[in-house]
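Peer 1: Here the structure of chain A is known, so what remains is to put chain B in place on it, guided by the hints.
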Amino acid sequence: MDLSYSPEYEAFRAEVRAFTKKYGDQAPRGAALGSGDMRSWQKLLIEHGYAARTIPKEYGGFGAEPDVLKSRIIAEEFLAAGLPMGMSGQGISMLVPTLLEVGSEEQKKKYIAPTLRGEIIWCQGYSEPGSGSDLASLTTRATEDGDDFIINGQKIWTSTAAQADMIFCLVRTEPDKPKHEGISYILFSMKTPGIEVRPLVTMTGRAEFNEVFFTDVRVPKSGVVAGRGLGWMVANATLKHERGMLGDPNQAGTRLKAIIELMKEETVDGGRLMDNPALRDRLLKLQARTIAMEYHGLRLLTAGIKGEDAGVARLIVKLMGCELNHQLAAFAIDALGELGMLYNGSPHLRNMGNWQSSYMFDLGLIIGGGTAQIQKNIISERGLGMPREPKPAKV
Amino acid sequence: MEFGLTDDQKMMQDSVNRTLERVSALERVRKAAEAGGHAADVLKAVAELGVTGILIPEEYGGLGLKLLDAALAAEALGRHVAPVPFVASSVMAPLAILHAGSEAQKRKWLPALASGELIAGVAVSERAGGARDKAGITAKGGKLSGKALFVLDFDGAGIYVVADARGSLHVVDAGAKGLEKTTLNTIDQTRAIGELNFHDVEAEALAHEAPAALERMIDAGRVMLAADVLGAGGRMIEKAVDYAKERKQFGRVIGSYQAVKHMCAEMIAELEPCRSLIWYAAYAFDAFPAEARRMAAHAKAHTTEVGTFVARTATEAHGGMGFTDLLGLHYWFKRIGFDRQALGGPEKVRHDAAVAQGWVGN
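Chains as they are written, first to last, in the working numbering: chain A, 1 to 395; chain B, 1 to 362.
So that you can see chain A by itself, here it is in the shape it has in the complex (with noise of 0.2 Å):
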């Protein structure tokens, strides 16, 4: 146990420092993904090292050693000066370490480079209205034509699908193999005709979501990942790294910050929220779980770094960090009470409404990704060896 960095860290971190002094002002503020202003930010922290950071050079990456702990002292850097990090969309953080791993050489030469640099925007097409936690079950067809597949289906909780330029679909290739046996990952451009993307308007009263509609795209073979039928392997790669950015403890400490500063801001009867003992005592139940993941996060750093395996220490982040992240925002509303309720640019609005759109969202976190059930039956089945649920007889 030692909480010290080295020397070597810590030339690192003035390093580090130095950058978001010298170059702080031109990061952009509150930018869409994929604009000017984010792709030159985005060019800037490549080219220093602060983004894309271990991936090759020769795929348009800064080509470091795997190290997280500088990986670490950048986001602490970023955070403390209130500066973005690089872009994060589902291709950089979900369909690049997925090409790193699995994709061909062609495959990572063609689509690497221009994803990190914020050029094409991606999608991710898993999950389908009949599909959900039993995602293996998907239907939407890939019937072979020459060359081409041809596609039909529908797929459902697809972000960013009106921005994208490019999809990470997957599809039905082998209907008569297992379920898990016949399907590929496929990558195909979302301007192909056929597509329909529908915006899906969610409880925050905003569409974060859409629904992507297919009806006979026509798209290459050549975009399989991995090879055909390999794709449920193919997207659990995939889905390990959706669930390590999900449940992020940084996160929480900001909003942990954020509510003591509101308690002692904050007045009801012309007292401080934080002088009534029944808040703060929930403020400090939180501010405890808060503390406790961060330290849980830096033990599987650590565990991390030496190989070791942190076994069932590891399956709980996903449950655990949306659940405090959600109750943070429940404990927020509830400080506030009845300005707490409003919404939508109304007066006496406190911080835009954002603590009751994140209740909100953070209930979608929750069910996303692998609802808080399903994490609980991977963290018995898998952490604690208990037995899988028996299936039903075959009829």
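Hints are supplied without guarantee of correctness; some may be wrong.
Just a few of them, taken from the derived set where beta-carbon distance is under 10 Å, the chain B residues facing chain A [stated by the list, open to error]:
#, residue
1, 261
2, 274
3, 288
4, 290
5, 298
6, 303
7, 353
Calculated pairs, PhoX-like style, for lysine-lysine (alpha carbon to alpha carbon, straight line, at most 25 Å) [said to hold, decoys possible]:
#, chain 1, residue 1, chain 2, residue 2
8, A, 221, A, 109
9, B, 248, A, 391
10, B, 147, A, 257
11, B, 134, B, 66
12, B, 348, A, 306
13, B, 106, B, 134
14, B, 348, A, 264
15, B, 177, B, 147
16, B, 140, B, 177
17, A, 285, B, 348
18, A, 306, B, 181
19, B, 108, B, 44
20, A, 110, A, 221
21, B, 10, A, 391
22, B, 66, B, 108
23, A, 285, B, 334
Here chain B is said to cover these stretches of chain A; the calculated rule only asks that three of the stretch's residues, wherever they fall, bring their Cβ under 8 Å from a Cβ of chain B [what the hints assert, rightly or not]:
#, segment
24, 2–8
25, 314–325
The hints are simulated quantities; they were obtained by calculation from the structure and are not laboratory data. Quick reminder that beta carbons are idealized off the backbone N, C-alpha and C, glycines included.
Peer 2: Same frame as chain A, but now just chain B:
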């Protein structure tokens, strides 16, 4: 930067666990609980491993380790519901004597505490959990008067470390004239606590007026209680999982039902982050003293809240059997119940965390 245990720490914890598996099996715990008081043979076995002197510097016969090491030992003791003194005698009292004692006082008590020959009780409840039933100690001209409740590691103690109402610390000989001792019965028969009534009792003040010494010993004690819950709770989860893998109903092991699996998943998901929090609180106690009070409070309050949830849920996973004396699961349940209230219940301890970060006055 490394947030984890060293190989030495893992080995030390393993050896305490292996020894306790041998000497503190359920039948032994049951016998000790029925007899009341500490189990001398179990104490001797852990003393031979150095656990009683874990924090005492080598020059006084101890191992000279840090609070994180003590937390690992505490976890093992909780795991085996070991009926031995530890929190007061091996952690709080030695720290008090180290911080506030003179050289002569250290030489007088620390070697005997390190070897396990001497047990030290600690009477600080009024300054940690708050004064109940008009308890409180006043010191005047080297003599103590008043009442101290919930004295930890009470049974067989040769000395007591006592905090007076001003927070100064005194050491009282268990045989001192005018000292009246009463055992208190708690749900947890693996721990021994009591009440001390002082009628002008001769006491030896710890030489240095160190106002921080009392807070430090309470913080350390809170981290130990949290670690005890971590061990006891972890063992309860293992027992629940093992039981669910064996017990059959409706033709299936109950561990294949999601309702049961999810109970187990929730328990481990709540308990594992407590381990990270306790490691940090214990490490901060030595490395970042400015953080120590708040972190110890959070570790204690949060882990005991989680512990209570684990204790009831693991009991439920055992069905009716969990509720019986026969299975003995209740020793762990009660151990956690004790840890939750000792040195302050969750609300009181969280209040201390609020004060420590200036959110509210004392």
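Peer 1: Would you mind marking each hint as holding or not holding in the structure?
Peer 2: These are the hints, each one checked on the structure:
1. 261: At 4 Å from the nearest chain A Cβ, residue 261 of chain B passes the 10 Å test, so the hint holds.
2. 274: holds, 6 Å
3. 288: holds, 8 Å
4. 290: violated, 14 Å
5. 298: holds, 4 Å
6. 303: holds, 9 Å
7. 353: Since chain A brings a Cβ to about 6 Å from residue 353 of chain B, closer than 10 Å, the hint holds.
8. A/221 - A/109: holds, 18 Å
9. B/248 - A/391: holds, 17 Å
10. B/147 - A/257: violated, 43 Å
11. B/134 - B/66: violated, 36 Å
12. B/348 - A/306: violated, 39 Å
13. B/106 - B/134: violated, 32 Å
14. B/348 - A/264: holds, 21 Å
15. B/177 - B/147: holds, 15 Å
16. B/140 - B/177: Cα-Cα ~16 Å, so holds.
17. A/285 - B/348: holds, 12 Å
18. A/306 - B/181: With a Cα-Cα distance of about 52 Å, the restraint between residue 306 of chain A and residue 181 of chain B is violated, given a limit of 25 Å.
19. B/108 - B/44: holds, 21 Å
20. A/110 - A/221: holds, 15 Å
21. B/10 - A/391: With Cα atoms ~40 Å apart, residue 10 of chain B and residue 391 of chain A exceed 25 Å; violated.
22. B/66 - B/108: Between residue 66 of chain B and residue 108 of chain B the Cα gap is close to 22 Å, so the pair holds against 25 Å.
23. A/285 - B/334: holds, 23 Å
24. 2–8: Coverage by chain B holds for the segment 2–8 of chain A (5 residues, Cβ < 8 Å).
25. 314–325: holds (count 3)
When each numbered hint is compared with the structure, violations occur for hints 4, 10, 11, 12, 13, 18, 21.
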